Amino acid sequence: MPLELRRPGWSRAFTYSLLGVAFAYALSLGTRAGLDYDPVLDGESVLRICLIGVPFFFLVGLGLFDYWFRWASGAPTVPEDHSGHGAKSWKSYLYPNTDHKVIGIQYVVTSFFFMFVGGLMAMLIRAELAAPGRQFVDANTYNGLFSVHASLLIFLFIIPVFAGLANYVLPLMIGAPDMAFPRLNALSFWLLPVAGFMMLASFFAPGGSFASGWTAYATLSNTAPVGQEFFTIGVQFAGASSIATALNFLVTIITMRAPGMSFFRMPLLVWANFSTSLLVVIATPFVAASQFFVLLDRSLGFNFFDPGQGGDVLMYQHVFWFYSHPAVYIMMLPGFGIVSEVLAVKSRKPVFGYRMMAFSLLAIVVLGFTVWAHHMFVSGMQSWIRVPMMVTTAIIAVPTGIKIFSWLATMWKGVLKLDTPMLFTMGFITMFVLGGISGVMLAMIPLTIHVSDTYFIVAHIHYVLFGGSLFTIFAGVYFWFPKMTGRMYDESLGKLHFWLTFIFFNVTFAPMHLIGVQGMPRRVADYADQFATWNLIISLAAFGTGLSTLVFAYNMISSWRGGRRAPANPWRSLTLEWQVSSPPPVFNFDEIPTVVGGPYEYGVPGAVHGVFGGKTTTAGPTQEPVTTGTPTTSA
Amino acid sequence: MDAAIPATGAHDTHHHGPPEANRSSRVDPQMLGMLLFIISEIMVFGAFFTTYFFIRLVGDQPWPAEGTELPKLIAGVNTAILLSSSLTLHWAQTSIKNGNRFGVKAGMLTTFLLGLTFLLVQVNEYVHIGFSPADHAQGSVFYGLTGLHGAHVFIGLLLLGMVTVRAFRGHFSKEEHRGLEIPGIYWHFVDVMWIVVYTTIYIL
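Read top to bottom, the protein sequences are chains X and D. Numbering-wise (the working numbering), the first sequence opens with residue 1 and increments by one. Numbering-wise (the working numbering), the second sequence opens with residue 1001 and increments by one.
These are calculated hints, taken from the structure and not from any lab test. Misleading hints may appear alongside valid ones.
Pair ranges (Cβ atoms, derived) [claimed, not checked]: (1) His1090(D) with Pro76(X): 28 to 34 Å; (2) Ile385(X) with Gly1076(D): 35 to 41 Å; (3) Trp412(X) with Thr1200(D): 36 to 42 Å; (4) Arg1101(D) with Pro76(X): 38 to 44 Å; (5) Val40(X) with Leu1119(D): 26 to 32 Å; (6) Ala394(X) with Leu1119(D): 45 to 51 Å; (7) Phe203(X) with Thr1200(D): 41 to 47 Å.
Quick look at which bits of chain X chain D covers, simulated, 3 or more residues with Cβ under 8 Å [stated by the list, open to error]: (8) 305-313; (9) 584-598.
Keep in mind it's a predicted model, so treat the numbers as computed, not measured. We treat Cβ as the ideally placed atom computed from N, Cα and C, and that holds for glycine.
Same shape as in the complex, but just chain D (with noise of 0.2 Å):
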């Protein structure tokens, strides 16, 4: 992520730093990174998603259990809040690739912002759904897979609330954008992720 240095090329010139490496792959080291770390939180999920149906599936209490409503509307609402901040998003990144500062900042913000509705709105479910994960497996998996969503929104957050601050400073540019790029990707996870979530929680 050093790309993201402010421009101090000149720092370079009086400092003994290693040969440059080969490049043997058109793809970007950052990039390649955060996609295998995706990889690796996709498992997390998988492992989750194990858990949810084995209890849903194999176990032999009736499903679902006794008090157990979830509101799909709001959940609903909700995830369509979450996929328009990934198109916010989407503008913030194209608006740097034009040169568009305003563009990104707005992005940027609007993306923070909608971020945050959605897990507080969540933590709003939470609140009211009328049962605890110590009720019984099915509110254990529950929780589990949605509180495992919610802690990747709240990093998710924390990485967009860098971007926004540096957006902000000017941190980026047309040509120097993977600070941007690169949370980015991560926060599309996110929201693709919770799609599934979704569906396979409240719709199915």
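Pulled out of the complex, with its shape left as it was, chain X reads as follows (with noise of 0.2 Å):
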């Protein structure tokens, strides 16, 4: 074989592919042909096995398990495998790297080519809505694109772009040199890719994509067409980079801390992922099963889904909430983080109520995993377990309730600096206030029964993950972009996104609240013609939501190429990714920092959180500053 082949990059990938069908082809014909069915070619089994071996194969060819293969047969190990580590031109990020800041910006920029194109496709589901009746595209094809359009923008966008975000900032925040688990997390994000291609190939798959919405619900997913597949797998590879790469901060935070770093003088966001990490972990196994059971009931023939053999479809939505109901938590916890810092350093002032924070953040945790059945209040479960899903869901409002309070306590007579990730911040919380209004109203029975399956539900999660997670995303982007890149981001254009945004996403979501009280359909692609007007309204605003997103994508692209270089703490941040160069050097740290204080005493003299040197590592405990958490109304 020729060396270019031979070698771990993107031709010996596409060779291994290519292989990999092969071995499909022959693995489905073989196994046919031994059991003898007929016909012994069979399209969709052939397909099945693609799309679950392909990708290893892919993976494999890429080089993403050169090391493990050698460790495993205990042959020498060359620590380079896996590639480099650090990038040395655009290129690198184009290859597998061990670099946590090249992973991270990996998944940040390809997490963001996913948003627009999931973004574009709501431009088209609000092009078909424009007008009641057929525009554009056919009921099937639209079911198809809002389906798509939500699984990209939760699995392929809102989850893994947080774990990038922490993903470049989480070690330096921690003072650590790299991830537990470099190779791991090289792998996590390679999954990405994989899944994501997958969903969006769907589109060609015969009788479409798979159109059962981000849920899936059985029995819709298990007679839809094989397009149902692309998502019933894509998920898998999803789901198992984001539990990889949970148990990669787990690890990292609980082992890898600097000295002097106890878990109280940790940073929110520092927080906030482990916190989510936690989630990831227990949950996210249960929606790997509950695509398991659609794919064992699709290609084998099992019965866990149809009642006229004893099985429960009923069954399929507890699993399904069990994890996704905790995903709205992922999708938001670290985002908490995000707004926790960003506001500090914006404000001038310590975080409010820092360990309550913290505790609020695994209170949520918790009680998390008590809610699930709230999406299933008009699904004809037992009844009984209504009333107890209706407590526990207003419960969960209060350590929210704790947060948004200790925000607006740390912005208290703070000094405020109005720029772009701050102006985010504070659109984030009022937002989020709004979403999470509606949604301790969607939490009571009879508003539920009332309302579900309406606009007011998609104004609802919009208002939440649109205004609450994409806000803090933006936030995060803008905060630590001239930490990932050496750059200044060109502020007056920040400013035009952020208006741009708040006001057009606003007029899109704040209708839907009362056209969805008034009885219109989510997920159908007409509707009756008393809600033109609206209609109307809406896809206008939703096209100059699109827009504003391009100025975002201009802004990125032009300050990263020519922006004004930045220097190391363009914030006067007290954190640690701030107290290293921009961008840091390729191993993080000359030496490991030793920590002294908390991490949000602005405002405080002479408070420092980290110091380099090691001069004054056996002074810590001495130079302790003020209680963390305690409001300086002098400042």
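Quick one: dock chain against chain with the hints and give me the complex.
As structure tokens, then:
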């Protein structure tokens, strides 16, 4: 074999992928011939094996397993296997890399790519809904569009982009040279493009893409055309990626903190990712299992969801929501962390109630597992489950409320710097409160029965995921852009982006509450004429929202290429990631810093979070500044 | 799992690496990673058990269905085989701590063979059990749960196979045996999980 095909890389990856397709044909033909099935060549069976198998051939070809294969067979290992460490040029980002900073940028860029694709689908959806009747797409394509839109934005954007941001800043924040398992980290990232590619490719499947929504309820999903399996299997890859990353974060946070960084000196972003990772490790297996069931029903004739054979349809929803309700916190808690970081720095004040902020995260983790059936109030499940779920759902607003009030108290009498990250953060707080209030309304059984499957739900979910998560993502990206790229972004374009997004977002989604209460059903390509005016307004505003992201894209690309050089610490922040150069050196620190105080002592004279050089290593506890969490009203 | 690299201390001297990370916990990172992974695995089984009890308790079909008598005795013997593999694994693990290289090799080989026997008996049971997952939901959960566990035994055997090869190549020593410890925990987990699966499906 020529050298090019023996070396890990894209050529080998494509060659191995072709081998994978050949393997799928051989396995399918061989098994069917052996069992005397007719016909021997079954396209669906080959496709199914391809979907499961080819990604592995691809990843092996790309070189993500070379080190482990050598290790497992007892051969001498090469530390440089799985490619190098650190980026040498932009081309390094196209190959597996074990540097958490490279992986972080790979994550963020890839997930934003999927955000733009998913956003384009939203534009198509709104174009179709601009007027009653059929405009551009037929009903089945429409169903496919909103299903892929949701799946991409949930599994390929919000969840991984938070993992990406944390991947970049979290090891820096805790004073670690890298993540605990750098090679696993690289593998986690490369599973994502696989999953995203699979979901997008479903549009080319016979019978169209998966069209049963991102929830893929049985019995829709186990009787749908083969496009459904692109979701069923794609989610497995995205889920595996997210479990591996979460495990990596947990081990990194527990075992690799700098000396002096006790749990209650960790920045809240670290706390947030700690909590999120707990949720991922515990909950994500359930979505994997739910999709296993669907796959088994579809491919091997199992009867998990066939009521005629004793199967239970509602069981799918229970298993699915036992993951997917915690998943909404997986999509929100890292954002809470970002908001806490930005608010403290931009208000020049310590985070109010630091300990309560940390404990409320853990409370959300625990409570998040007790509310899943509130998604099923109208599903026909046993009615006695409803009231306990209503109560727990209302209770979960309490820790969230603690956070909201603590953020407000952090800003109270602070010296606010209203630049782009801060604007997005404050936009987040207002929008998330609105989304949270409609969430508490939806916890109430009578209201849910009235508005279930209407645009009220669409409005709620977009207020918490767009106005909530996406705003924090924008805040985080602007906030750490100087650190990640070594360049400053354009502040006036950033503000323009914020105001365009903020206004168009509200014009898009606020009216959906109204038409939802009036009964416009979601997930339908057509609607009654009485909703025409509002829908036209919503569609126009949605296009405005779409255009506003172009401002963001332009700002990011042009600033990355030619922005002003960023100083090491443009925001005068105390946390460790700002104490190294921008971008940080390849191994983060020449020597590990020592942490001598809390992370948010803004406005406290002489306060230090971490010191380099080890001069004050022994003086840690005696220099302890005022207790964390006390509001310094004198500021 | 870098610790299992055969003694190449000299390699590090001319390779500029990162500063040594601070160890903020006494727990070994690899060990912690495996324990967290096992939590994840328990939840996968949890989801399958959820299904099992939904179909058994919430469903309205008679339980057990016609013609689903399970071979309790053979499966019981098989359980004993799997459990004894945990003991031989423990023997291998204690041997390496005492520097007994023969014990490691013999222990790992026996463990591997016992695990393989378990898997083959399980496959044999599938062949002779007389119902298929396509017959009814009860068949589906039976094959689902035991199949899920079988898949874990298979993965465990792959890991044990690697460890056995490495044991015969003499890669483990009194000081460096994490490569044996960590797959070992996984195997113990697979064994304990089988007790739960066996009790639920065959006994209850």
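Of all the hints given earlier, name the ones this structure violates by number, lowest first. 3, 4
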